[in-house]
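Peer 1: Chains as they are written, first to last, in the numbering used here: chain A, 1 to 414; chain B, 1 to 264.
By construction, these hints were calculated from the structure, which means they are not laboratory data. Mixed in with the good hints, there may be bad ones.
[As the list claims (entries may be wrong)] Rough simulated footprint, nothing fancy, chain B against chain A, three-plus residues with beta-carbon under 8 angstroms:
(1) 168-176
(2) 284-290
(3) 297-304
[Unchecked claim] Stretch-level coverage of chain B by chain A, calculated; a stretch enters the list once three of its residues show a Cβ under 8 angstroms from a Cβ in chain A:
(4) 57-63
(5) 69-77
(6) 179-188
(7) 207-221
[Unchecked claim] With the Cβ distance kept under 10 angstroms, some of the chain B side facing chain A (calculated, not the full set):
(8) Gln52
(9) Val80
(10) Phe162
Every residue, glycine too, gets a C-beta built ideally from N, C-alpha and C.
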Amino acid sequence: MGIKVLGVNHRTAPLEVRERFAHGAHEVPGALARVMAAGASGGVLLSTCNRTEFYLVADEERVTPVVWDLLGERLPGGTAAREYGYIARDRDAVRHLYRVSSGLDSMILGESQIQGQVRDAWEASRAQAGPVLHRLFQTALHVGARVRTETALGSGTASAASAAVAVAGKIFGDLAGRTALILGAGDMAELAATCLSDEGVQVSLVANRTHERARVIAERLGARALTLDEAWPHFATADIVLCSTAAPHAVVTWDRVGAVIGGRRGRPLCILDLAVPRDVDPAIAQIENVFLYDIDDLQTVAAQASVRRREEIPAAERIVEEETDVFWAWYGGLGVVPVIKEFRARMEALRAAEVERAMRHLGHLAPQDRARVEQLSQALLNKFLHQPTVALKAAAERGSGYGLLEALRRLFGL
Amino acid sequence: MILTLHLLALVLYGLATALTLAPFVGLRAPPRLLTIALPCAGAALHVVAVSQLTLVGVAPALSMLALCLVLLQLATERLVRGSAVGFFTGPLAAGLVGLALLIGLAPGAEPSAGRNVWLILHVALSVMGLALLALAFIAAALYLLQFRELKARRFGQVFQLFPPLERLDHLNRVALVAGFPALTLGVLLALGYAARFAGGLHVGKAQIVWGLFTWVVLGWATWVRVVRHWGGRRAAFASIAGFSAVLLVYLALKLAQPGAERFL
Chain A
1 MGIKVLGVNH RTAPLEVRER FAHGAHEVPG ALARVMAAGA SGGVLLSTCN RTEFYLVADE
61 ERVTPVVWDL LGERLPGGTA AREYGYIARD RDAVRHLYRV SSGLDSMILG ESQIQGQVRD
121 AWEASRAQAG PVLHRLFQTA LHVGARVRTE TALGSGTASA ASAAVAVAGK IFGDLAGRTA
181 LILGAGDMAE LAATCLSDEG VQVSLVANRT HERARVIAER LGARALTLDE AWPHFATADI
241 VLCSTAAPHA VVTWDRVGAV IGGRRGRPLC ILDLAVPRDV DPAIAQIENV FLYDIDDLQT
301 VAAQASVRRR EEIPAAERIV EEETDVFWAW YGGLGVVPVI KEFRARMEAL RAAEVERAMR
361 HLGHLAPQDR ARVEQLSQAL LNKFLHQPTV ALKAAAERGS GYGLLEALRR LFGL
Chain B
1 MILTLHLLAL VLYGLATALT LAPFVGLRAP PRLLTIALPC AGAALHVVAV SQLTLVGVAP
61 ALSMLALCLV LLQLATERLV RGSAVGFFTG PLAAGLVGLA LLIGLAPGAE PSAGRNVWLI
121 LHVALSVMGL ALLALAFIAA ALYLLQFREL KARRFGQVFQ LFPPLERLDH LNRVALVAGF
181 PALTLGVLLA LGYAARFAGG LHVGKAQIVW GLFTWVVLGW ATWVRVVRHW GGRRAAFASI
241 AGFSAVLLVY LALKLAQPGA ERFL
């Protein structure tokens, strides 16, 4: 058993693949249950628009095929998920999560949204995480917070939401007085809508599958709430459409809005699709004055703003390394005490059994001599066990006790 | 003195152009103040130089056209809030000053006061009209490039450095709507000047026919913008067609009747 991370991210898989791997909150328990059934003793599934990662405490040989199968089922034509994936083990897996939570592994360097996503993943997998992953995710949030407070990795506005404003600004110039229609009532939509609103955009309509949720967001933004079906005619008048629904397929299709957009008489329409899977049929972008951008596009724009943040990478990496050492020391020490106890108990039982067997042949010995033999065997055992015990404890403190423990377990059948 | 001032202006325009284009070759973008100060200094020297010229012939006209372009570039810095227009006007102005120097610039005799007013108005309006049409062309070209990048979802230097689409569209409209009447008035003043001071119009049939053709194309481009409310790509193509007509006809006429003594 060891800590593993298996997954895909924005570096290893394109958006088309990542959106297939994305797991909604309701899908997480089922997916983890399958992996746990394969022998994992703990699991957390982190699924964002940029990554889908299984953090597991498990034997690699048993769980790896299950994870790749589970992801592969979401790909068409029998494509193997493994082609897009990666595995990190033990200390590397810990470091990986710390880098993820601190924004070092994000497409937008230092973006802070991932911190909340790590927390959400931990919360959603709480029942299946187990003590090691609980500790790992708890410390990952601490590492993210440390990196943000001790370095300038999170400085500036290099988020997808601020990139949405930048892209709209390149089309319209001044955004003041423009009107925006929001599809979807998730956090991302609200964040981007707030950014647009700060630039003077009038967020006039919020449409969602459920009217009630749309009403809550609309009230916050001073807009009017609609259902999705009521929203399509407004594509004729809005300047900016911001999409971030949780729909599993495109909701803005040619059939629904093609004719409506045709009636704009050439006025530009900026559609910002922040959803994964995407909400907007890519064919919509073929209309002359429609400018359609998905999350990858916005993240590319935002990534350009992160040049200054790059200078903070060494400081952030140092924090990640320090915290990885601390966790690994804890993890290494986690199993040492019970294993040493068991090891010593096993040796003591052997010693006692052997002394008793010897004493049966040494009945002529005086009680003082019997006591001396007993003392001798005890002293020998202590001498034999001293060095391995000290070495194990020291290795555990250094964070490298895990390998020694495994060796001890195998050698002595513990 | 005229040559020295032109040379200094040329150097300053060249430097400003190099600085403006620096980000496209991977260099750090210069401070905005510098990209404004250099053409400003060049234009100041250029104004002094032009004030000493007689505005007759190709070389002075080219020099004045370059000056107008630089002045418009500085004016548009405020309108589009960026130095992207300088990507085109900078090299164009530097090239025109260089060409004027090659053709030869020299102070000439002043015409009489009455003729001088006609001449100055004619030259000023014609050259400003041409410069505005060039600016409309530049705004249209920048629009089409930025449009292409935005549609193709490329976020490189063009996306970063070029102004927003709607500002370019607005600049194109303003330049075209101001440039066409200015050029028309300049040509009408030339006709009046010829009738009053030169004893009639001494131009060939080809010049009249092609001149009218150019005027019609430019008029059409302005008409579709103002009356038909064209915007965006269609309007950009119309502007490009208009300015291309001016350039092609000018080059064709100069090739057919070479000579540095007159601009047209």
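Peer 1: Can you list which hints this structure breaks, lowest number first?
Peer 2: 4, 5, 6, 7 and 8
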